[in-house]
Amino acid sequence: MNWKKAGLLTLTLAGLMGASPFGFSQAQGQQITLQFWGHWLSEQRRPTITRIVNTWNAKNPNVKVEYTGVPFDQIINKTLASVAAGNPPDVVVIDIRTTRLRAAKGQNTNLSALGVDSKKNLYFPNLWATGTYKGQQYGLPFNTDTRVLYYNKKAFREVGLDPTRPPKTWADLWNYALKLDKKEGNRYTRMGFHPLFGDFGYEGWVGNAKGLLFKDADYDEPAINNPTAVKVLEWVKRWTDKYGTAQYAAFRASFGGGAQDEFMSGKVPMVVRNGNYIATIARNAPDLEYGIVPVPTEDGQQHPYASWGGGFNVEIPKGTKYPKEALAFAIFLTTEGAKYWTAEQKDLPGYRLAQLENKDPLFLQLVNNMKYTFVAPTAAYAPTYGTAVEKAVQDVVLQGRDPKAALDEAQQTVMKMVEQGKRETQ
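In mature numbering (1 follows the signal peptide of the UniProt record, and there is no 0), the protein residues as written are -27 to -1, 1 to 399.
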């Protein structure tokens, strides 16, 4: 890989000393250690983040970085607890959608005050904006993602479907699934498709249908039970009714990990998943013959909400003892480090030049899909609204509850969350 393209930020020991663009000076021989938290613990991802950290440490012996892996579902709470206790990590990779929420609560460091705005043009504008709060920058974009439909070409040919003509509409998904379904006696051994398999989720399908669960893209006023949301949940229920609730639940419970997941095992030949799943397939099922296409929509037309993305920002939690050194590493991580990550993990980078490091045709399809991808913000007044929505979905799918009634209840629950959230911020 070419690490010396024009515009690349080079952070060496000399840069960390008198030549630092941030105006700090590290005395010769005086070593500090930065604590860096991330959620990458797997055999697939840990080697790449280790390589990034080792590259930094080799260049900067006086500013050593130590990486600690924290489980994904714990990293936000542990970071906030450490801030409250006065002993935070110096750098953390954290949910891209919630940076502004932490900024509003004074839980992360104002990077603009440290001079980071001069680096703005290194990053894609829409991703840079995820770290901006009231005109100040509180996070640097590391990566984002998009979701696409993965389909098994061998399974298509097996049932007479043309792999060069993948589904484009919801009706296509239904009709293709009818052909791909396979049973032994009364038991399904293959389910062609279900909207809740994979990681797109119910809310992803609401967006795909050109709707939101809030009144606007600021996510301040809930509209959980709006007509589009109800229509989508009715559609999801039809899929479950097609297979039968008990069959659906038992089949889903049979999914394993790695090569035994629903898609790589062949149990589900069409599934919507994160774009970085192509790296997972390459590692676990390199001979699998598959393709990817934009997520089918109701009418077959793509639009800016047809898929959704998340991703991660790099933040400096409030209270670090070494903010300038932490920022230097944060910039390295989101530029040079992002190039390693893009090449090896297939994630979409926040850094413009990192995108050039991956010429894989599948990766380029993901890049193209970003124009159909919505990166939703966090609901500032009800950040846990998803629990109420998920309860409604499960009540419908597993208990047969009426979709409108379930979403009406979720709307009331989320409204109470919003009211409480507004009181707490007054």
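What the hints contain is simulated information worked out from the structure, not anything from laboratory work.
All of these numbers come straight from a predicted model, not from anything done at the bench.
Glycine residues also receive a C-beta, built at the ideal position from the N, C-alpha and C atoms.
One or more hints might be untrue.
[Stated by the list, open to error] Cβ pair distances, simulated, as ranges:
1. Leu337 x Pro98: 34 to 40 Å
2. Asp90 x Glu207: 25 to 31 Å
3. Lys155 x Pro98: 53 to 59 Å
4. Asp191 x Gly230: 35 to 41 Å
5. Asp145 x Pro98: 30 to 36 Å
6. Arg396 x Ala144: 44 to 50 Å
7. Glu207 x Gly42: 55 to 61 Å
8. Asp90 x Trp147: 30 to 36 Å
9. Val266 x Ile5: 30 to 36 Å
Outcome of range test on Cβ distance (Asp145, Pro98; 30 to 36 Å) | 34 Å, holds
Can the suggested window of 53 to 59 Å be confirmed for the beta-carbon pair Lys155 and Pro98?
-> Given range 53 to 59 Å: violated, Cβ gap about 47 Å.
Given the hint of 35 to 41 Å, check if Asp191 and Gly230 actually sit that far apart at their C-beta atoms.
-> The hinted range 35 to 41 Å holds for Asp191 and Gly230, with Cβ atoms some 37 Å apart.
Is it true that Asp90 and Trp147 lie within 30 to 36 Å of each other by Cβ?
-> The hint (30 to 36 Å, Cβ to Cβ) is violated, given that Asp90 and Trp147 are roughly 50 Å apart.
Given the range 44 to 50 Å, decide if the beta-carbon distance of Arg396 to Ala144 lies inside it.
-> Distance hint for Arg396, Ala144 holds at roughly 46 Å.
Quick one: are Asp90 and Glu207 within 25 to 31 Å, going by C-beta?
-> Hint violated: Cβ distance 47 Å, outside 25 to 31 Å.
If you check the beta carbons of Leu337 and Pro98, does the distance land in 34 to 40 Å?
-> 21 Å, violated
Is 55 to 61 Å right for how far apart the beta carbons of Glu207 and Gly42 are?
-> 41 Å, violated
Given a hinted range of 30 to 36 Å, is it respected by the beta-carbon distance of Val266 and Ile5?
-> 49 Å, violated
Hints 1, 2, 3, 7, 8, 9 from the earlier list are contradicted by this structure; the remaining hints agree with it.
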